[in-house]
Amino acid sequence: MRDGSMKRELIKILMFAALIFAAPVFLGGGYIVNVLIFVGIYTILAVALNLLLGLAGQISLGQAAFFGLGAYISGVLTATHAVNPWVAMSIAVIAVGIAAFAIGFPILKLKGHYLAMATLGMGIIVYIVFNETVEVTGGPSGLSGIPNLSIFGFVFNSDTANYYLVWAFTVMTILLSVNLSASRIGRALRAIHDSEVAARILGVNVRLLKVQIFTISGILSAVAGSLYAHTVQFVSPASFGFNVSIELLTMVIIGGLGSIYGSFLGAAILTLLPELFRTFQDYDIVVYGMVLIVMTMFMPGGLVRGMPLLARFVLAKVRPALVKKA
Amino acid sequence: MLEVKGITKIFGGLTALQDVSFSVAAGDITGIIGPNGAGKTTLFNIVTGIYAPTSGRVHYDGKDITGFPPEKLARLGLVRTFQGIELFGEMTVLENVMVGLHTKSQSGIIASALKLPSHLREEQHIRERALSWLEFAGIAGLSDMKAGNLPFGKGRLLEIARAMAAEPKIVLLDEPAAGLNSRETLDLSHLIKRIKDSGITVALVEHDMELVMDICSTIVVLNLGTKLAQGTPRQIQEDEKVITAYLGEG
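Chains as they are written, first to last, in our numbering: chain U, 1 to 326; chain P, 327 to 576.
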């Protein structure tokens, strides 16, 4: 990569990290910090989906399954079997990675609608398992008593502490994902998105690369799940249902396919807005559907790419009007 | 270099190719011609691993490569272009060629995500190589343009530059002159000659007779799925069977 664009990327991530670091100081803790923890967790999930959907062009409507598996494995191991939370997190991430690889291998032979249906099925099956294996997961009433993470005797038991913990993972996820998408692997993934046959002709192992990115997407989602379990200290199936997968899809589309920072924007908007408009609560899935339709129709590149275009468009409309007035 | 031995391909009840054999000599430009429906593109698809033949073998570089997938063939130095050009439309012209260098680089997912020094050095190398291939094809000035916005003729040059970036031993061009005007066709013929001069074997399927007669040293004629003739341009021009196939029986 050229020096100039590398420096720009570095400045971007540093500014972003500084903003994240300073936020609780200015907001003064409390409820809003709690909400921002969820923005961090959903950002990891949206970025994970974006690597799969935005870069490689492979849809998944079952991301909530990996999120939930990460959360439940971490939760059950610590709450029921008293395993150290960090060890539980590692086990959760490795187990989900293996599961994603094993599922990805056959499932990614499918394309387009068929892949959407298969991943949808995966999400629903896992959701049913969470509900039905009552002895292990506690069923619909959930699993409580999950301990916080701790490091050298410091327990992440306040909102502010958890905020920094979660966002450390989130910033790391963004950094690694930005690097990956600008690399040889990222180019190969985007090549698959545009023309599989041409990518293969040039020596890209399309089959393997798709499975690898699906696995990475699963692993990152499991990290988010484990963080969720240890910060909220309670998990129930409702947090990992079909609507969560759709919500993640909406976040990615709002931010822009392939735009890593866009996924953060999408996650922030979709996490903060419902807090502001509590009246939507029961109709949230309707609102997401409408947002999806409007975005794909009028701003298919997402906000990060679409906003400058919109600004230029508005300026072009407004400027002649101002000139006329003067 | 490349040897096709008794290839037959049957689609359902339709025989697209019937016992076709020919060879491509190293360092040559070999043209494969024939009327529409002769099975030229099917033959290319079999050689490049997109279809499996019903029977027959393909040998390349002394190895039996029948049924090898395209990605494996690319690593062995066999690369092709497509009749309807297959670019990565959302990526820039330069990035397209950088993908061409995929087999010539090896940074994995972890090295890429962590931006290890080895990866950064390799990226630099990939970028420089890609730029030099764009210069080779005469389109370096378009490097930052989105490939999907290229005019057709330039897109064709980009596809060839991208194939060359994979540093093949043999490159198969499927109707490279299709859709080009006479000026662009002339540029193309110069480019193909330069590819040959750099020591790379070329095989091409083409309808443009002028181009084929000008640049090819060997021509294979297919008609209705069978090989009609093989020879130098002069031999082919004087071949009774070929004239009949093209002009119809008088």
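It is worth saying that the hints were derived from the structure and are not from the lab. Ideal Cβ positions, reconstructed from N, Cα and C, are used throughout, including at glycine. There could be a bad hint or two in this list.
Claimed, not checked - Now the stretches of chain P that chain U is said to cover, found in silico as 3 or more residues with beta-carbon under 8 angstroms:
#1 377-388
#2 548-560
Said to hold, decoys possible - One side only, chain U facing chain P, incomplete, derived with CB under 7 angstroms:
#3 T133
#4 D194
#5 L208
#6 M299
#7 P300
Claimed, not checked - With a straight-line cut-off of 25 angstroms between C-alpha atoms, the simulated DSS-like cross-links for lysine-lysine are:
#8 K522(P) / K111(U)
#9 K109(U) / K398(P)
#10 K567(P) / K522(P)
Violated constraints from the hint list, given by number and in increasing order: Checked against the structure, the hints that fail are numbers 1, 2, 3, 5, 6, 7, 8 and 10, while the rest are satisfied.
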